[in-house]
Amino acid sequence: MTAVTEPARGRKRSLNLSLALCFTLMAVVIVCAIFRSSIAPDSPFTQRLEVGDKPPSAEFVAGTDLLGRDVLSRTIHGARTALVGPIIVAAGAFAIATILGLLSGYLGGWVDTVIMRWVDFMLALPGILVAIVVVGVIGGGYWTAVAVLIILFTAPDTRIVRSAVLEQRPLPYIDAARSLGISKRRILFIHILPNILPLVLAYVALDFAFALVNLAGLSFLGLGVEPGTPDWGRMLFENRNILFTNPLGLLLPAGMIILTAVSMNLIGDWLFERLTK
Amino acid sequence: MMREGVAGLILRRIAVAIPLLFLISLGVFALVHIAPGDPVRALLGTRASDPETLNNLREKYHLNDPFIVQYGKWLWQVLQGDLGRSINGNRKVWNAIAERGSITIALSLLGTAIVLVFGIGLGMIAAFKRGTRIDRAMVMFGVFGISSPAFVTGIFLLYFFGVVLGWFPTFGAGDRNFVDRLWHLTLPALALALSVMAIVVKITRAAMIEELDKDYVTFARARGLSATRITFAYVLRNALIPVITAAGIVVVGLLASAIYVEVTFALPGLGSLTVDAVQKRDIPLIQGTTLVFSCFVVAINLIIDVVYTLIDPRIRFGKVES
Amino acid sequence: MSDSPLLEVRGLSITATRSTITTGTDLTLRRGESIAIVGESGSGKSLTAKAIARLLPPGVTATGSIRYDGHDVLSLPEKEMRPLRGRRISMLLQDPFTMMNPLMRCGKHIEEMLRGDPRFAGRAAMRAEVARRLAEVGIADPDVADRMPFQLSGGMAQRVAIASSLARDPELLIADEPSTALDVTTQAEIMKLLKRVQLARGMSLILITHDLRLAFSTCDRIHVLYAGSLLEVGSAPAVQRDPFHPYTLGLLLSEPPADRRVPKLIAIRGQVPRADAVAGRCAFADRCDWAQDNCRAGKPPLAALETTRLTACIRRTEIAGEMRALRDTALEAAAAVREAKAAPAIIRVTRAVKTFGAHRGRSVRALKGVSIEVRPGESVGLVGESGSGKTTLGRILVGLETATEGSININDVDASQFSALSPEDRAKVRRTIQMVFQDPYSTLNPRHSVRRALREAIGTGGPAALATVDQRIAELLKEVGLPENYADRRPQSLSGGERQRVAIARALSVNPKVLVCDEPVSALDVSVQAQILNLFKRLQAELGLSYLFITHDLAVVRQIADRIYVLYLGEIVEEGPTEEVMRNPQHPYTRRLLDSAPR
Chain A
1 MTAVTEPARG
11 RKRSLNLSLA
21 LCFTLMAVVI
31 VCAIFRSSIA
41 PDSPFTQRLE
51 VGDKPPSAEF
61 VAGTDLLGRD
71 VLSRTIHGAR
81 TALVGPIIVA
91 AGAFAIATIL
101 GLLSGYLGGW
111 VDTVIMRWVD
121 FMLALPGILV
131 AIVVVGVIGG
141 GYWTAVAVLI
151 ILFTAPDTRI
161 VRSAVLEQRP
171 LPYIDAARSL
181 GISKRRILFI
191 HILPNILPLV
201 LAYVALDFAF
211 ALVNLAGLSF
221 LGLGVEPGTP
231 DWGRMLFENR
241 NILFTNPLGL
251 LLPAGMIILT
261 AVSMNLIGDW
271 LFERLTK
Chain B
1 MMREGVAGLI
11 LRRIAVAIPL
21 LFLISLGVFA
31 LVHIAPGDPV
41 RALLGTRASD
51 PETLNNLREK
61 YHLNDPFIVQ
71 YGKWLWQVLQ
81 GDLGRSINGN
91 RKVWNAIAER
101 GSITIALSLL
111 GTAIVLVFGI
121 GLGMIAAFKR
131 GTRIDRAMVM
141 FGVFGISSPA
151 FVTGIFLLYF
161 FGVVLGWFPT
171 FGAGDRNFVD
181 RLWHLTLPAL
191 ALALSVMAIV
201 VKITRAAMIE
211 ELDKDYVTFA
221 RARGLSATRI
231 TFAYVLRNAL
241 IPVITAAGIV
251 VVGLLASAIY
261 VEVTFALPGL
271 GSLTVDAVQK
281 RDIPLIQGTT
291 LVFSCFVVAI
301 NLIIDVVYTL
311 IDPRIRFGKV
321 ES
Chain C
1 MSDSPLLEVR
11 GLSITATRST
21 ITTGTDLTLR
31 RGESIAIVGE
41 SGSGKSLTAK
51 AIARLLPPGV
61 TATGSIRYDG
71 HDVLSLPEKE
81 MRPLRGRRIS
91 MLLQDPFTMM
101 NPLMRCGKHI
111 EEMLRGDPRF
121 AGRAAMRAEV
131 ARRLAEVGIA
141 DPDVADRMPF
151 QLSGGMAQRV
161 AIASSLARDP
171 ELLIADEPST
181 ALDVTTQAEI
191 MKLLKRVQLA
201 RGMSLILITH
211 DLRLAFSTCD
221 RIHVLYAGSL
231 LEVGSAPAVQ
241 RDPFHPYTLG
251 LLLSEPPADR
261 RVPKLIAIRG
271 QVPRADAVAG
281 RCAFADRCDW
291 AQDNCRAGKP
301 PLAALETTRL
311 TACIRRTEIA
321 GEMRALRDTA
331 LEAAAAVREA
341 KAAPAIIRVT
351 RAVKTFGAHR
361 GRSVRALKGV
371 SIEVRPGESV
381 GLVGESGSGK
391 TTLGRILVGL
401 ETATEGSINI
411 NDVDASQFSA
421 LSPEDRAKVR
431 RTIQMVFQDP
441 YSTLNPRHSV
451 RRALREAIGT
461 GGPAALATVD
471 QRIAELLKEV
481 GLPENYADRR
491 PQSLSGGERQ
501 RVAIARALSV
511 NPKVLVCDEP
521 VSALDVSVQA
531 QILNLFKRLQ
541 AELGLSYLFI
551 THDLAVVRQI
561 ADRIYVLYLG
571 EIVEEGPTEE
581 VMRNPQHPYT
591 RRLLDSAPR
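Residue numbers (the numbering used here), protein chains in the order written: chain A, 1 to 277; chain B, 1 to 322; chain C, 1 to 599.
Hint data in this document are derived by calculation from the structure and do not stem from the laboratory.
Here the structure is a predicted model, which is why all the values come from computation and not from measurement.
C-beta: ideal position from N, C-alpha, C; glycine also.
Careful: at least some of the hints might be erroneous.
[To be verified] Not the full set, but computed from the structure, chain A residues with beta-carbon under 7 Å of chain C:
(1) 56
(2) 171
(3) 172
(4) 173
(5) 175
(6) 179
(7) 180
(8) 181
(9) 191
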């Protein structure tokens, strides 16, 4: 058999324009999230009921909402909930999924059966519906939503980790480690994990985008953050009625959601391609 | 001999779906109990009551019985078609669902049609024009689609086509006639389709690109078969299998987006009913809608599973040594 | 008219986006003639074949001239090229299961080629024709037409693929490694079939292969391609008798002779370069024993030394004598095999049985009661094709599988159940026997450096072993013929042969007495195979190792094994000293195996 593969050569290191834009945008969002009070022109909470909803003016660059609050400041402040929650969801879900996937994929047998039955069950559920109902009934707002999403995301992530493990498991370098008598624990964490980690990281970025969209969605239904919190999804919930007077109240947070999610999706895709060569 | 195998597989799939439905119904039933506070309060809502009414209610809903008995009695009721009564307005839950179901179904069908036709079509075009500007545009469109949840897309569509251009109505489902209904549902269906379509485009494109590189395409070309035949009998047929596998995700996504879209466009459908119920803590109504939605999802996934089993001959036939 | 060549290729150069694949290839093919394009990986042979059929993948371009019966193939618009394909030029690829549409029935693959032909307009007529064509390729049962490709064995599927490629009765068939994906015995059948069909139809054949011997036994003329350049062209018998280019000679000698054991295989040092790396000079110069400065001054042209023999070696006439001498010495049979010490067996397997999937209803009995023995210092071959159970037996011995029945005795320890052993016994067994695996590209953890991999293996001997780990690593690398500075390299920067050497070093790091080698050279280029086989022989002599050498290749096993077991469908059908079994096979399967090897 002469189907000998060439040793991998160095990859093109050029970041194309759209990727650079993604990283720039994420940088902007992160900066807004951290330094929001310093950057925002006004407090996001100050209500000016006598002013009400007005289109953009010299004083309020993006106009005001129904309660007279500055839309731009609320958008800038909203960057924090747009980042913190999704990061915790993505990282949390994958941390759990990695353990479950490693055990399920490598040990097989009843461990695998039990875990995969649970995964199959979770995947059969209409996830968004479950999130809406559970968060709505239990109450608790943002952090309940985060917890529910972590549980919901763990299932498909476990499947992803498991199939990555299953790809590595029959390879001869694992066989060699086994025949040398290397412990199962060592094989899982020193041999298999480092080889699936890059793939996992790419998926974490994609999960982040998906979590952002879902959290914003829950807030959009009034089920996420507490009323009054500056949050992009919440702003969509609050500003539905000012569509005709100050559409920016909707378009600005909506645009930020899309752009942030797009950036993380593209970054995730790029990581995915770079790491599966 | 082949028929038995297929029927057996279908039965096995159904057998798996049934315990799933039971588990879901259990979860739905348990909602009453996981709501913070006294279950009676959850059932009553905000209406004040004296201890005697409370006790009557407890008797009526069997709240003094052990959990399993309560579940059994509730399940029996459900299987007979009685989903309880809504807290607000005391209407039968089933009636509320039935009258709104048609809108959700119409919206979903329209959305699915757009998703399938354009999703697969655009995916195919992107795969054939791999690497060109058209392909890159499709990919970018795909990424934006996946990143824009239906409520966000809905808002943009609403603004540009409803407010600025005034081409479409911005709320309601249109009751006058079929065309009016269609006109009202166009923007919502589009919003619904766009976010899900992006996934279909991405998967179709990836599947077709993978197939285009395969040996059997080279062999088919080497034998001089026409491009049409190769595209459809070889590439598309093989690429459709991963697409259909992903159909399950697509359906769930469609359903979730339907909920958001109905809220955005103020459509009186099942989705907005559910959200309303959740916001108002109307437990029996929540239970009813969640159960109906879940059954629907499980049924669709089952159908997709069966379709997948039928079209992939590798599952139907075993390997035979010659 | 019928004397003019069917195919004339002049100056064909194939380039990919940033690299050269082939440079200036010339080919001539007459009607009814069969030629072989022989080369290792990276030679460009597959792409040359695809260029002739105008089927190059996107991003790869061909320049030069390809004239098929007067048509200039390279400049034809696709619309006019398509009628040529299938009807006049057809292609056959390597793997029948990826070559055919997995969702289409076998018969359909032939039917779709015949649609539109008024002779087969009716269903009955079409079915009859499909059956006739299946019969032509040796499939007597017409029901095969209704089966799906994955339901057939490899050999049968390849036959269907051949029938499909011939359905429009082409004048030229280009076969790209048509038998490589098949078992040895099936390979021989398929090649015989191809030859028979070619002669019966008066078709021309271009055979692409890495196997020189196969080329000799199938084709009239040979073209040797190396790193994108043609190095030698000539008639098969002539080239076989007396190769004109050092590379051809090296290739011939690297392939272990199937008919005798030689003391040492002549291996070509180094590895196959990329075409760009050897531009502007003789592609083979860096690995050639006779290379001089003028070989590197410019690219030597393919020149005709005799009317039909061309070679790109500018020193041919000078070194002809030396080349012949080398060949004679290399093919001298080795002295008789030394008798193994009459020590008790270090490995004893008694009636091992292995059943897979017993609980799922469809069980497979990989081993049906196999007994073998390996004595200290002895090299034992385990020969069989896929499905014989040979890999399963190897894996059982190193504890990767457990035998369902039977006893395994390793170094006086009952190792029938690895998990039931005490830690000391288990450690003892692991230090006795280690394995070298087949695929060099996944035998090492891609994220660990060589040093780390060896360190981990050494570390299984406890903290005492780790005290001198750096020294030991240097020793091991030297033992397997790698420079010391390789320790800090990662697998990506190593070639296939180098990776396999590291894998061997890893296996040796626990000082085992027995090495189980599971097809350790089949995934390597021929010229590298010989290097590794020589390494195995040297290690055995220096370290007194025993080998259980698992392979399907009789030629390889002849070079390295003192005794062999022949395994067929989970049972040992023959055993004995290698020379005896090879010269005088008793069992019909052994005879068939020997007959299948191309000579």
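Which hints from the list above does the structure break, by number from lowest to highest? Violated: hint 1 alone.
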